[in-house]
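Chemist: Just so you know, the sequence shown maps onto residues 1 to 804 in this note's numbering.
These are computed hints drawn from the structure, not numbers from a lab.
Note that beta-carbon positions come from the ideal geometry of N, C-alpha and C, so glycine has one too.
It is possible that some hints are incorrect.
Pairs of lysine to aspartate or glutamate residues, derived as DMTMM-like cross-links and limited to a Cα-Cα distance of at most 20 Å, are as follows [to be verified]:
no., residue 1, residue 2
1, Lys442, Asp256
2, Lys152, Asp193
3, Lys400, Glu365
Quick list of the computed label-pair ranges, beta carbon to beta carbon [said to hold, decoys possible]:
no., residue 1, residue 2, range
4, Ala183, Thr85, 20 to 30 Å
5, Met751, Ser582, 42 to 52 Å
6, Gly69, Ala231, 39 to 49 Å
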Amino acid sequence: MSGPWSRRSFLRLSGGAALLAGTSSVAAVSPACSAVAAVPAGDAYDTLRLKWREMVLGSGFDPAAAPFGAKLALTGAQAAEHRSTMAAVGGSLWPDLPLTVSSSITGSYSRLATMAQAYAQPGTGLTGDTALLAATKAGLDHLYQQAYNPAKSRFGNWWDFQIGSPQLLLDISTVLHDQLSAAQLANHLAAVDAFVPDSSVAAYTGTSTGANRVDLCRSLALRGILGRNAAKIALARDALSPVFPFVTGGDGFYADGSFVQHTYLSYTGSYGAVLLGGLASLFSLLNGSAWAVTDANRQIVLDSVEASFAPFLFNGLMMDAVSGRSTSRGNPRTNSYGFQGGDHGRGHGVMSSMALLGTAASGTENQRWRGLVKGWIQRDYYSPVLTDTDLGVAALARLKAVRDDNAVSALAEPTSHRLFPSMDRAVHRRPGWAASLSMASKRMGLYETGNGENLRGWHAGAGMLQWWGDTYGNGQYTDAFWPTVDPYRLPGTTVSRKVLADAEGGAWGLPRPDVNWVGGATDGEYAALGQYVRGLSSTLYAKKSWFCLADSIVCLAGSVRSTDGTAVETVVENRNLGASGSQALTVNGAAQSTALGWSATLTGATWAQIAGHGGYVFPGGATVKALREARTGSWHDINTGGTTDPITRRYLTLWFDHGVDPSGAACSYILMPGAGTTATAARAADTGWLTVLANDNDRQGIAVPSLGVTAVNFWFAGTVGGLTADKPACVLVREHGDGTATLCVCDPMRMQTGLTVTWHRPVASVLSKPATVTSAATGSALTLTFGNLTGLAGATQRIEVALG
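Construct all of the structure, not just a fragment, from the sequences and the given hints.
Modeler: As structure tokens, this is what we get:
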């Protein structure tokens, strides 16, 4: 194998290290694949060491059966290649991994970990191979002498010295414990002590928060177990506690289900997944021992499975909206390490962690989570979970056990709307499809770049609207979308075509727009969402609204303006058609060209439909541009650690062209995922279905009478469609068939010390209201007076009324 090693080949998102990518809690059923030997009674350290060894290597699987045989054979082949190319000389262990680069140290330990795994696991073709063992031990000694010992100083990326390398080294030391001399083990532990001292968890700050803190604790715990040091294990357990409580700023879990890392970034699907995997491993490892995690706040972690992680999993994939720069890390077999950095790979890792965490949860929680996982396994047709070669054998065994458990009933995807105001994200789920919305504000970065990754993710937080179907479109963003898509035309965004530099705006979440009004209100099924958009390194200014309804999302862009001297566009859609797709585009009933390079200005368009994907309605008719093109790029274009191999994908793009330097442009459209031509045409013909009440700089609102919906984003105070707000706010009203109505109100700016909302509709009584409503006057109109909303973090205030 060749090419630079990067963190992406280490973070398998199911526990952290390359070996622990396959941690397993499946009971051993075959002596041939059991990693656990007899333990002397009362020896707590050996018990934990052997338990971790089993979690690393797995148990309870038939090494000759699918899916294990192929994975074990692959491990053996990789180990054989590593052994054949290993050349221990001054400054390197492999020629392509110079030890003057911190990531090469971690990369070298990663290769040794694969070799140790091939030696210890059955069915690899190298099981028990003495020459492989000798090479692995010699490689460990060489790395100790050359790069990772107490006399060395840290350089390069801190992560390699404090997380990447020590985790791999400790896993290897666990797997090969009985083959290492006392001196070798002492050397390894001394190196870990030097780079991961107790002081690394002394304060919950800097690089010792969130997922990073859990990783540090894992190394401390394993070092304590291997070194028979009770104080180290206790320190690791106790240092986890700051991770558990809800936070109101910075890294960690928020009460609304958000997970933030690097202070300003939504990271449930990447750092959050690492944190979940690490905690699942440690909870399971220490469960039943003298060092069991008993902090009452551990329940917040258990609750996060359904509050934070499950909402972003859809049919086996983890949505890009919460995965940060990991979206630039490639897909199966597209880089030399075969790392699956795509949405399905991330999802599979989280599913594995959920199944493991269940072993340390209540029986009820464990059964429910297994039901969720089983459902995702059954429905992931695009990237079947048990064929994921990036999962370790132990993870495959755990997930296969869930799939085959007849006592577990697969749970369906929910129908719901989840809003995560603390990280400017929303997920809308309807029967047959799901969508995510990525926004940005002073609180949340537009995108993250760093370590040469995600160089062109500039506009991902500018209202990117991604969606998937239950039986279609699940490879939309998996299939080399990010290296081949036009980064200026991410679906759902309004952006300036101003040319941006790679990593524009700065690394680690620095690009944050200077705006407060971002968020919305939801009743748990429908939602009104809004984003005051400010362009990255641009004069772009726009007001955007999304109204998430029963079978569609109504999208508005208003007050679009810019003085960049470049064109400004609102991207309706940019569908990845794959390597050879030519799905038909129908506009107003007429089929359009399927030829590559075709472009058109579609005047008077009332609807469009992409075969096999969905429909788009343009209320009142519009001029829309369309383009069918093949785009070529490489993972290296967006991630310096990626391969340079060219990849070509075909795209069908629809957009509104607002022209150069627009001043007050506006547009509207309805997205109908999964809709065919008949349903799309019928919606366009039903001109009374939707009324756009306002779409300008002051207010954006809609009414959909058949759904009983009126929703308005008040950018400034005013009256729209029977609703009045005396300050900026978001208001969603749903009238029900039983004579009641629900009003959902939000202060997205988090700045209102008082707010009055009036619904000019007869209301007989208020059935329920939150404590924030200080008065509610009924009669010919409903007037709600709210107290101070500044401390509610943008949470929805829900009021139920009986209509007059």
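Chemist: Does each hint hold? Answer for all of them.
Modeler: Tested hints:
no.	hint	result
1	Lys442 x Asp256	18 Å, holds
2	Lys152 x Asp193	12 Å, holds
3	Lys400 x Glu365	19 Å, holds
4	Ala183 x Thr85: 20 to 30 Å	28 Å, holds
5	Met751 x Ser582: 42 to 52 Å	50 Å, holds
6	Gly69 x Ala231: 39 to 49 Å	43 Å, holds
Every hint from the earlier list agrees with this structure, and none is contradicted.
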